[in-house]
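*Asks:* Residue-level listing of the chains:
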Amino acid sequence: MRLYLTEGNPHCLKVVAAVELTGTRCELQFVGVEERVVPFLAHSKLPCLQLDNGNYLFSTNAICQYLFTLRGKEPSDLTNQWLEWEGTELQAALSGALYMAVVQGKRQEAAGALQKKCAYIDQSLTKRSFPFLAADAITVADIVLWGALYPLLSDSTFLPGDLKALRSWFERVCAVAACRKAVESILKGKGLQALKPYLQKQPAPSQRAETPASN
Amino acid sequence: MSDKVVLELLSLEKSLGLKKTNKYSTQGDKQVPVLQTNNGPSLIGLTTIAAHLVQEAQQKQLLGSTAEEKAIVQQWLEYRVTQVDGHRGKDETRTVLKDLNQYLEDKVYLAGDNFTLADILVYYGLHPILTELAVQEKEKYVNVSRWFNHIQHYPGIRQHLPPVVVLKNRLYTSVH
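Heads up: the sequence lines are chains A and B, in that order.
Numbering follows our numbering, with no gaps: position 39 of the first sequence is 29.
Numbering follows our numbering, with no gaps: position 77 of the second sequence is 81.
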């Protein structure tokens, strides 16, 4: 199988981390930001995975879960729930926050836009008292949420210090070798700025996406 | 009055042949469904709950049989809640229909040759869109219409939803 990636595309982090963590043999091919790889989609959707029989997976979360399934790690209710939440709730807030932080240089506003989502993760971690999101060991849910949050949370001053459970979970996942490798291959040591060329080509997030809490 | 998404889950339960009905509520502006379970914490989210019901009904094949089919089912379930439900205007709806039409060109079902949960949930999600679509547009998205018609006639799937008329013969032969 072949994984199509773009440098500086934040969605690539989780996928590369999942490839590394599961030890999947797969060809990595870097392509341009707007390259249309998936033949049936009108717009470019990257990263994507081409399977050996020619089929395409264009959902990053489905790709991550697929790589885990190949290693015998089937989804559970809880991992499914985190993946769905990431796709429907977190990504909506995140795309706006990343754009604000990287393209517009509005770090404070970006943190505000993400505050509620981060608090939700923090509460869930506190309530369940697992070291990871869905179990005692790392699962696909940790890789998916870590990859989504990494660009912003890797700056330890980004969020106020009170979300302790989130902070220690994040550091735990950051320490995993597969995750360090993913950061290296997608951000090339340039941190958040590595995302700028990619994000500048994205449409500005709509005002409706997520408004920061007003209190 | 029940929320649309709750009706959808109740229909899915019936389709799966589940006898006892679960308790649902919704949360937030987006009316995300919540399933209250007896033996554990509640489950949140349409695709998460739907996958759980499929397991409960012991019809795991609806989630895909091979690793690859499972991934494709998951992908289209996610597509349902992020793209089909997430559309904000006519242009985005058209992109969804166009992409699906292209994808379904050489397929019987979303996962290929087998009927899965992806067909059920994408059918539910497209129902309001297809209901509004003019005849001419239904012809434009001919593969979506064919697939949609197939799923709405699939035994036990349509449940609470009114049938959508999909013409078998083309009226506007010039439309491509």
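It cannot be assumed that every hint is accurate.
To be verified - Result set (DSBU-like, lysine-lysine): computed pairs, CA atoms no more than 30 Å apart in a straight line:
| # | chain 1 | residue 1 | chain 2 | residue 2 |
| --- | --- | --- | --- | --- |
| 1 | A | Lys178 | A | Lys35 |
| 2 | A | Lys106 | B | Lys144 |
| 3 | B | Lys144 | B | Lys111 |
| 4 | A | Lys191 | B | Lys27 |
| 5 | A | Lys96 | A | Lys35 |
| 6 | B | Lys8 | A | Lys191 |
| 7 | B | Lys34 | A | Lys96 |
| 8 | B | Lys34 | A | Lys117 |
| 9 | B | Lys111 | A | Lys35 |
| 10 | B | Lys111 | A | Lys106 |
| 11 | A | Lys96 | A | Lys106 |
| 12 | A | Lys63 | A | Lys171 |
| 13 | A | Lys106 | A | Lys117 |
Hints in this document: simulated from the structure, not taken from any laboratory.
*Asks:* Hint by hint, say whether it matches the structure.
*Replies:* These are the hints, each one checked on the structure:
1. Lys178(A) - Lys35(A): holds, 22 Å
2. Lys106(A) - Lys144(B): This hinted pair is violated, its Cα atoms lying about 42 Å apart.
3. Lys144(B) - Lys111(B): holds, 17 Å
4. Lys191(A) - Lys27(B): violated, 44 Å
5. Lys96(A) - Lys35(A): Distance ~27 Å between lysine 96(A) and lysine 35(A) Cα, so the pair holds.
6. Lys8(B) - Lys191(A): Violated - the C-alpha atoms of lysine 191(A) and lysine 8(B) are around 36 Å apart, more than 30 Å.
7. Lys34(B) - Lys96(A): Roughly 27 Å separates the two Cα atoms, so the pair holds.
8. Lys34(B) - Lys117(A): With Cα atoms ~24 Å apart, lysine 34(B) and lysine 117(A) stay inside 30 Å; holds.
9. Lys111(B) - Lys35(A): holds, 21 Å
10. Lys111(B) - Lys106(A): violated, 41 Å
11. Lys96(A) - Lys106(A): Status holds; Cα separation ~18 Å.
12. Lys63(A) - Lys171(A): Within the cut-off at roughly 22 Å; holds.
13. Lys106(A) - Lys117(A): holds, 16 Å
Hints 2, 4, 6, 10, counting from the list given before, are not met by this structure.
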